[in-house]
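Asks: If you read the sequences in order, they're chains Y and B.
Residue 1 is where the first sequence starts when you use my numbering, and the numbers rise one by one after that.
Residue 1001 is where the second sequence starts when you use my numbering, and the numbers rise one by one after that.
For the record, the hints were derived by calculation from the structure and aren't laboratory data.
Be a bit skeptical, because a hint or two may be false.
Computed footprint of chain Y on chain B, listed as stretches where at least three residues anywhere in the stretch have a Cβ under 8 angstroms from a Cβ of chain Y [stated by the list, open to error]:
{"id": "1", "stretch": "1049-1055"}
{"id": "2", "stretch": "1083-1093"}
{"id": "3", "stretch": "1163-1173"}
{"id": "4", "stretch": "1177-1185"}
Quantities reported herein were computed from a predicted structural model and do not represent experimental measurements.
A virtual CB, placed ideally from N, CA and C, is assigned to each residue, including glycine.
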Amino acid sequence: MIKTSTQNELIQYVYNDLADDACEQLEVALVQDTELADSCSELLLIQQLLDDAAKAPRKHVIDNILNYSKNLSLRS
Amino acid sequence: MNTTTLISDSALVSLYIAGKESAFEQLVNRHKNKVYTTIFLIVKDSYTAEDLLQDTFIKAIHTMKSGRYNEEGKFSSWICRIAHNLAIDHFRKEKRSPMITLEDGSNVFNNMSFSEDSAESLQIKEDTHARLRELIQTLPQTQREVLMMRHYAEMSFQEIADATGVSINTALGRMRYALINLRKKMQNNDITYDKNLYSE
C-alpha cells in the first residue's frame, strides 16, 4: 500500500513540481518499489492521453488573433 | 532543427513588446491548444470556445502592449488564467447547466500528428480522445478544476492552492482523485490504453 504522502509526491513528480531533493529520494524508491513504479507508469500514460486529448481551434481563429495584433501595431 | 522553438516564453514576450510580431505568433502557436482546451472544458461548445480564445489573446495583447504584463509568473499560467476567468464569466452569464454534449468533431482539428497513422487507428484515437473529454466533464467540479488548472493551464500546485483557497495537500489530493476517477471511468467505459497506439 502506497502512503498518501508518497502518492502526492508522485503526482508532483510526474508534473515536474517536486523539489530536487525529494525528487532524488522518490527516484530511489521507484527503483526499489514495483508497486510505486507501476503507479508512476500509469500516471504517465494518463498524462499522455490527456495531452493527446487536447483540442485545437480552427486556423482562421488563430489568423484573426494574429491579424488583430498586427493591425494594432500598425495603428500605434 | 528549428532553434526558434528553444526561445523561452519570457523572451518571446519581450520580443513581442519590442515589436516583433513573429514572437507573438510563436507564443500563440505554442499555447493555443492548451488555452483552447481549458476554455472548451468549461463552456463545452467549440464555437463559443473559439470566440473566448480570441477574447483571451486580445486581452493578452493589450496587457502586453500597454506594458502592464507582470514578468513574475509563467506566461502559460497567466494566459490560461485569463482564459479560465473569461470562460467562467461566460458560463455564469449564460447560466447554462453543465450539460455533457457529444462532439461531432467535424469543425475541430486535433493536435496530434496523423501523418503515419492508418484511417482506422486515427478514428480509434479520435474516438478515445472525444470520450476522454466527455469523462473529464463528469468529474466532480473540484477535481475537474484542479485537473484543468494543472494539466492544461500548467499552473503549479501551489498556484492552484492559492487560486482555489485550499492547502497544497488538498489540491494534490484532488488531482490524485481526479486521475484515479478518470482511470476508473475509462475502465468502466471500456476505454483502454493501447500502448501500440501511444508508443513513439
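Asks: Enumerate the violated hints, using their earlier numbering and listing them in ascending order.
Replies: Hint 2 alone not satisfied by this model.
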